[in-house]
Amino acid sequence: MVMRPVPWQTGEICGPDSAKSLTKPEVLKRDLSKAKKPLLIVGSEAVTEKHGTGDMIDYAIALSNAMKMPVIATGGAIKAFLEKDFENARSMGAMELALRLQDPDWVGPSGTGPYDMVIIYGLPYYMQWTLLSSVMNFGTHLTAIALGRHYQPHAKWSFPNMKEKQYHAVLDEILKLVGGGK
Amino acid sequence: MKKKAYFKADEAETGLGRFKGLEVRIGTIVDDEWDEPMGPTPMPNPTDLRAWDHKLLSRYHPSYMPYCQVCCLCTFGKCDLSGDKRGACGIDIKGQQARIVLAAANIGCSAHLAHARHLVDHLIEEYGPRTDLIQGAGIEIHAPVSRLVTGMRPRKLEDASIILDYCETQLAHTLSATHTGQEGSWLDFESKVLHVGMVDQVSMEIADLVQISTLGFPKADPDAPLVESGIGMMDTSKAIILTIGHNIVPAASITDYITEKKIGSKVEVGGMCCTAWDITRRDPNAKVIGPISWQLRYIRSGMADVVVVDEQCVQTNVVNEAKKVKAPVISTSDKAVMGLPERSDDPVDSIVEELVSGKIDGAFIHDHHKVGEVATRVALAVMPKRRKMKFFPSKKQIQKMAENCKKCSECIRACPNDQPVMEAVLAAQLGNFEPLREVYQNCIGCARCESACPNDYDLHSWMVVAAQQDCKDETHMVRTGRGAIQDTEIRNVGQPIVFGEIPGVIAHVGCANYPQGGKDVHDMAEEFAKRRYIIVTSGCAAISAGHVKDENGQSIYERRSGEFDAGGVLNVGSCVSNPHIAGAAIKIAAIFAKRNLRGNYAEIADYIHNRVGAVGISWGAMSQKAASIASGFWRLGVPVIVGPHGSKYRRMLLGKAEEERAWTVYDARTGDRVLTAPGPEHLFYAAETVAEANVMTAKLVLRPNDTGKGRSIKLSHYIDIHEKYYGFFPDDVWKYIRRDTDIPITLKDKILAQMKENKWKERRIIDPTLLKEQIMGGGT
Numbered sequence: 001m002v003m004r005p006v007p008w009q010t011g012e013i014c015g016p017d018s019a020k021s022l023t024k025p026e027v028l029k030r031d032l033s034k035a036k037k038p039l040l041i042v043g044s045e046a047v048t049e050k051h052g053t054g055d056m057i058d059y060a061i062a063l064s065n066a067m068k069m070p071v072i073a074t075g076g077a078i079k080a081f082l083e084k085d086f087e088n089a090r091s092m093g094a095m096e097l098a099l100r101l102q103d104p105d106w107v108g109p110s111g112t113g114p115y116d117m118v119i120i121y122g123l124p125y126y127m128q129w130t131l132l133s134s135v136m137n138f139g140t141h142l143t144a145i146a147l148g149r150h151y152q153p154h155a156k157w158s159f160p161n162m163k164e165k166q167y168h169a170v171l172d173e174i175l176k177l178v179g180g181g182k
Numbered sequence: 183m184k185k186k187a188y189f190k191a192d193e194a195e196t197g198l199g200r201f202k203g204l205e206v207r208i209g210t211i212v213d214d215e216w217d218e219p220m221g222p223t224p225m226p227n228p229t230d231l232r233a234w235d236h237k238l239l240s241r242y243h244p245s246y247m248p249y250c251q252v253c254c255l256c257t258f259g260k261c262d263l264s265g266d267k268r269g270a271c272g273i274d275i276k277g278q279q280a281r282i283v284l285a286a287a288n289i290g291c292s293a294h295l296a297h298a299r300h301l302v303d304h305l306i307e308e309y310g311p312r313t314d315l316i317q318g319a320g321i322e323i324h325a326p327v328s329r330l331v332t333g334m335r336p337r338k339l340e341d342a343s344i345i346l347d348y349c350e351t352q353l354a355h356t357l358s359a360t361h362t363g364q365e366g367s368w369l370d371f372e373s374k375v376l377h378v379g380m381v382d383q384v385s386m387e388i389a390d391l392v393q394i395s396t397l398g399f400p401k402a403d404p405d406a407p408l409v410e411s412g413i414g415m416m417d418t419s420k421a422i423i424l425t426i427g428h429n430i431v432p433a434a435s436i437t438d439y440i441t442e443k444k445i446g447s448k449v450e451v452g453g454m455c456c457t458a459w460d461i462t463r464r465d466p467n468a469k470v471i472g473p474i475s476w477q478l479r480y481i482r483s484g485m486a487d488v489v490v491v492d493e494q495c496v497q498t499n500v501v502n503e504a505k506k507v508k509a510p511v512i513s514t515s516d517k518a519v520m521g522l523p524e525r526s527d528d529p530v531d532s533i534v535e536e537l538v539s540g541k542i543d544g545a546f547i548h549d550h551h552k553v554g555e556v557a558t559r560v561a562l563a564v565m566p567k568r569r570k571m572k573f574f575p576s577k578k579q580i581q582k583m584a585e586n587c588k589k590c591s592e593c594i595r596a597c598p599n600d601q602p603v604m605e606a607v608l609a610a611q612l613g614n615f616e617p618l619r620e621v622y623q624n625c626i627g628c629a630r631c632e633s634a635c636p637n638d639y640d641l642h643s644w645m646v647v648a649a650q651q652d653c654k655d656e657t658h659m660v661r662t663g664r665g666a667i668q669d670t671e672i673r674n675v676g677q678p679i680v681f682g683e684i685p686g687v688i689a690h691v692g693c694a695n696y697p698q699g700g701k702d703v704h705d706m707a708e709e710f711a712k713r714r715y716i717i718v719t720s721g722c723a724a725i726s727a728g729h730v731k732d733e734n735g736q737s738i739y740e741r742r743s744g745e746f747d748a749g750g751v752l753n754v755g756s757c758v759s760n761p762h763i764a765g766a767a768i769k770i771a772a773i774f775a776k777r778n779l780r781g782n783y784a785e786i787a788d789y790i791h792n793r794v795g796a797v798g799i800s801w802g803a804m805s806q807k808a809a810s811i812a813s814g815f816w817r818l819g820v821p822v823i824v825g826p827h828g829s830k831y832r833r834m835l836l837g838k839a840e841e842e843r844a845w846t847v848y849d850a851r852t853g854d855r856v857l858t859a860p861g862p863e864h865l866f867y868a869a870e871t872v873a874e875a876n877v878m879t880a881k882l883v884l885r886p887n888d889t890g891k892g893r894s895i896k897l898s899h900y901i902d903i904h905e906k907y908y909g910f911f912p913d914d915v916w917k918y919i920r921r922d923t924d925i926p927i928t929l930k931d932k933i934l935a936q937m938k939e940n941k942w943k944e945r946r947i948i949d950p951t952l953l954k955e956q957i958m959g960g961g962t
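As you go down the protein sequences, you meet chains A and B in turn. Counting in our numbering, the first sequence runs from 1 upward without gaps. Counting in our numbering, the second sequence runs from 183 upward without gaps.
Simulated from the structure, these hints should not be mistaken for laboratory data. Hints may be right or wrong, so weigh each one.
Said to hold, decoys possible - Here are the simulated DSS-like cross-link-like pairs (lysine-lysine), alpha carbons at most 30 Å apart as the crow flies:
#  : chain 1 : residue 1 : chain 2 : residue 2
1  : B       : Lys589    : A       : Lys165
2  : B       : Lys588    : A       : Lys24
3  : A       : Lys79     : B       : Lys701
4  : B       : Lys930    : A       : Lys79
5  : A       : Lys84     : B       : Lys267
6  : A       : Lys20     : B       : Lys276
7  : B       : Lys938    : A       : Lys84
8  : A       : Lys24     : B       : Lys906
9  : B       : Lys582    : A       : Lys37
10 : B       : Lys701    : A       : Lys50
11 : A       : Lys20     : B       : Lys267
12 : A       : Lys37     : B       : Lys838
13 : A       : Lys163    : B       : Lys589
14 : B       : Lys588    : A       : Lys20
15 : B       : Lys932    : A       : Lys36
16 : B       : Lys577    : B       : Lys420
17 : B       : Lys589    : A       : Lys20
18 : B       : Lys830    : A       : Lys163
19 : A       : Lys37     : B       : Lys276
20 : A       : Lys84     : B       : Lys932
21 : B       : Lys731    : A       : Lys163
22 : B       : Lys943    : A       : Lys20
23 : A       : Lys84     : B       : Lys930
24 : B       : Lys830    : A       : Lys79
25 : A       : Lys79     : B       : Lys731
26 : A       : Lys79     : B       : Lys838
27 : B       : Lys589    : A       : Lys50
28 : A       : Lys68     : A       : Lys36
29 : A       : Lys79     : B       : Lys941
30 : B       : Lys906    : A       : Lys79
31 : A       : Lys79     : B       : Lys712
32 : A       : Lys50     : B       : Lys588
33 : B       : Lys932    : A       : Lys79
34 : A       : Lys50     : B       : Lys906
35 : A       : Lys50     : B       : Lys830
36 : B       : Lys838    : A       : Lys68
When you get a sec, could you build the whole thing from the sequences and use the hints?
Okay, structure coming up:
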């Protein structure tokens, strides 16, 4: 395991700017406290990724509830949210999102925007990479936090290819930081 | 029509005698037997259809996702284009991204065009310039793309050459636009992307037309032969020649030689990628081994006694790979010589001797007449010795080697599909090969894991060993490429397609860069075929679609009709057969709506965009060729969906459903500007999952011109698929209801409630067009 802030897929290097390494939740404190309208984006891989006794959909629900933050599920992940009777999620394609997030006036499918922060995980690595490239280059009004285990250089903050156990522990700490996980 | 033309033939048989080194320059070509009036844009230059492009591009926004924020194409740079910075030449990041998209489309088009040029020149040399071009029975409108774009109807090989002259000129223009200090606007780069995509369609159509006409391929035949396919179908009791690539000419010389010498019981030929389709179109005794991704696994198996490569999508280290299994390589194309020594002018005996003895690893032979004899004789000579050799390690050996795994994860990091290769290796340490076998199922055969491994493990080979039984079980029957769609078939289905009663035409095309194996292509095709959509396939996707058996052991091609009709699954052929799919849409306009095709691009594209519910899917799109093929469909207004790896094309073309202005069209009957539903909502879209692709496909077949019955049928499928894969009733159905007749009767209550909630208002069903000049009376 590399445990370094370098792109997880070795060829996916980026340009002059790259994400800061998220190794402890405290580094997010300032950005999270500044965020007035965050949006959580959850991809299809979250459905099968375990977290604690549940999965990463459960984590999304907990994070969303704690931050009063709407969720957009991509790639059909919406089905998993609906099966858990979670009502604050909407469905969109990752590529549709990549376009919409460039617009500072976009209010989102549930009309809760415009957003000033996106928190994202669960998409195939390279697809999240391209989506975040769109945000980094054209959605500069947004603060992007990548909560997947692997380093996403186009976010502002990203985990540095963390070991699984440590990663899930930090996720729980982030949840606590925003008042969730009780 | 007036067009300058230049024609060249090394040797030509004419009424006046035989000429060598003949060159003819013609100032004017007049097809005076064709009474169809010429449209406004014969042989358009890069800006002649700019107005049409801008209509599409104002509706479908290019959404860029830069791969890097620098430009390194000239020595001014590298230039940092991040934020609102500009490079030394003045370009900004949007312009640069569009420029890269154009570069990719140019590369793709050049590959097809050079392929077409080689075929045309070769076939003129073989058969003469006056050889007839024939697409098959039941086809009056042959070469519809060429007619539409150039205003010519190619009837002889020499006509094909003239059309390629046009394509080559256009490619030179669009390629030059990517040079430093040329085009600067992203919008005009994008317009040129569409232009070169259209040119690509023409060049592919010519390539397939000339080979169909001269090489004995099925001619628009719904009952094209079923042929054997899969690694398990190869008969190792015979010498095996593996052909890889796209250009039939060298491969045909092999099957011709085998037929001529009557040695089919001793040697057989299998193809990979599009050469596989074209070789079986010529000789159904040949076999389709697999798509592009199967190259390494098959070469490494050692089954192939000789490897013959032609052009495009060939593993570029093929010589090294084949050397490991002591299989000589013959390269045959000046585009892919592979570093091999030139032997074209040497006597066959001498080339065979050098290859059999192993003095040389391979040879470059561009004289195709020699390739067949050399490849066959070498394969027969080396086969007995090679069959005694073992090339893969045993499971025991793998288990032993795996013990030294450094657990560095580099294999996983190198894997495009993030497969758990390292965990599988660790399981193999304990003698458990099942995880390696599972990785094989999702493997695209790139072997990047091996390149990354500090222990130099042959990880891809290990996967193949673990999945040996799966390889043996790869025994399928697939229908080889039929070529064009007959006019008579179009007559039968034109109306139900345009009115929406056949809910759509879905084309599965392109490469094999699948996120989770090729089965997805089959499953998507079956999902819609069983709903009576027409499914068309080509290229590697056509192979993957056929590599799944049902409970009766049948492939999708065995259990479904090859006719262009509801529920049919028809393989048109190789990459260069894709224009038959575009051609079917174009012919609907000509046959059903009696529109003139000749040099009349914008009108026909407008017709297709508004009326023909066609969607292209390239689930494993990988190449620049796939990019140019998609571009050709975009200019016709046909949406294309790619798999998640397609996001790496780094630009989508996306509509915004709520932008009313974008979905406002003219009613051709009245000239009124009328708001329509957002259909098709997007023009280029990468889907994350099969579920998303299915939902989007069902949505993208909606067209403004659907009749009430057609719209109702399409919406029924959209709703059903949406509920099946997303788990809820779609919330945008009301937007697609124009009047009561559009409402699927069994879902009326839910839809009426949605309509009420959204303050729905009734709309007319109109005669939609984006072109003012299409309004009755000319729109003045």
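Evaluated hints:
Restraint check: the Cα-Cα separation between lysine 589(B) and lysine 165(A) comes to about 17 Å, which is no more than 30 Å; the hinted pair holds. About 28 Å separates the Cα atoms of lysine 588(B) and lysine 24(A), which keeps this hinted pair within 30 Å; it holds. In summary, the hint linking lysine 79(A) to lysine 701(B) is supported, as the alpha carbons are separated by about 22 Å, within the 30 Å threshold. Of the pairs offered as hints, the one joining lysine 930(B) and lysine 79(A) holds, with about 24 Å between alpha carbons and a cut-off of 30 Å not exceeded.
Taking the CA atoms of lysine 84(A) and lysine 267(B), the gap is about 46 Å. The hint is violated against a cut of 30 Å. Among the hinted pairs, lysine 20(A) with lysine 276(B) is consistent with the structure: their alpha-carbon atoms are about 25 Å apart, no more than 30 Å. Restraint check: the Cα-Cα separation between lysine 938(B) and lysine 84(A) comes to about 28 Å, which is no more than 30 Å; the hinted pair holds. With a CA separation close to 40 Å, the supplied pair lysine 24(A) and lysine 906(B) exceeds the 30 Å bound.
For the given pair, lysine 582(B) sits about 55 Å from lysine 37(A) by alpha-carbon distance, which is inconsistent with the 30 Å threshold. Distance hint between lysine 701(B) and lysine 50(A) is fulfilled; the C-alpha atoms sit about 26 Å from each other, no more than 30 Å. Between lysine 20(A) and lysine 267(B) the alpha-carbon distance is near 22 Å, which keeps this suggested pair within the 30 Å criterion. Between lysine 37(A) and lysine 838(B), the direct Cα distance comes to roughly 22 Å. Compliance with the 30 Å bound is thereby established for this hinted pair.
Restraint check: the Cα-Cα separation between lysine 163(A) and lysine 589(B) comes to about 13 Å, which is no more than 30 Å; the hinted pair holds. With a C-alpha separation of about 28 Å, the suggested pairing of lysine 588(B) with lysine 20(A) holds against the 30 Å cut-off. Restraint check: the Cα-Cα separation between lysine 932(B) and lysine 36(A) comes to about 36 Å, which exceeds 30 Å; the hinted pair is violated. Restraint check: the Cα-Cα separation between lysine 577(B) and lysine 420(B) comes to about 27 Å, which is no more than 30 Å; the hinted pair holds.
Restraint check for lysine 589(B) and lysine 20(A): the C-alpha separation of about 26 Å stays at or below 30 Å, so the hint holds. Pair hint lysine 830(B) plus lysine 163(A) holds up; C-alpha atoms about 27 Å apart against a cutoff of 30 Å. In summary, the hint linking lysine 37(A) to lysine 276(B) is supported, as the alpha carbons are separated by about 28 Å, within the 30 Å threshold. Between lysine 84(A) and lysine 932(B) the CA atoms are separated by roughly 23 Å; this keeps the pair inside 30 Å, and the hint holds.
Straight-line distance between C-alpha atoms of lysine 731(B) and lysine 163(A) comes to about 40 Å, which puts the hinted pair past the 30 Å bound. Among the hinted pairs, lysine 943(B) with lysine 20(A) is inconsistent with the structure: their alpha-carbon atoms are about 51 Å apart, more than 30 Å. At most 30 Å may separate the alpha-carbon atoms for a hinted pair to count; lysine 84(A) and lysine 930(B) meet this at roughly 28 Å. As the CA atoms of lysine 830(B) and lysine 79(A) are separated by approximately 26 Å, the hinted pair is consistent with the 30 Å bound.
Of the supplied pair hints, the one linking lysine 79(A) and lysine 731(B) holds, its CA atoms being roughly 29 Å apart against a limit of 30 Å. For the hint pairing lysine 79(A) with lysine 838(B), the CA-to-CA distance comes to about 24 Å; that is within 30 Å, so the pair holds. A distance of roughly 22 Å separates the Cα atoms of lysine 589(B) and lysine 50(A); the hinted pair therefore holds under the 30 Å criterion. The suggested pairing of lysine 68(A) with lysine 36(A) holds, with an alpha-carbon distance near 10 Å, which does not exceed 30 Å.
In summary, the hint linking lysine 79(A) to lysine 941(B) is supported, as the alpha carbons are separated by about 28 Å, within the 30 Å threshold. The straight-line distance between the Cα atoms of lysine 906(B) and lysine 79(A) is roughly 9 Å, inside the 30 Å bound, and the hint therefore holds. Restraint check: the Cα-Cα separation between lysine 79(A) and lysine 712(B) comes to about 24 Å, which is no more than 30 Å; the hinted pair holds. A distance of roughly 26 Å separates the Cα atoms of lysine 50(A) and lysine 588(B); the hinted pair therefore holds under the 30 Å criterion.
With a C-alpha separation of about 19 Å, the suggested pair lysine 932(B) and lysine 79(A) falls inside the 30 Å cut-off, and the hint holds. This hinted pair checks out: lysine 50(A) and lysine 906(B) have alpha carbons roughly 24 Å apart, not beyond 30 Å. A threshold of 30 Å between alpha carbons decides the hint, and for lysine 50(A) with lysine 830(B) the separation of about 28 Å falls inside it, so the pair holds. Distance restraint check for lysine 838(B) and lysine 68(A): the Cα-Cα separation of roughly 27 Å lies within the 30 Å cut-off, and the hinted pair is therefore satisfied.
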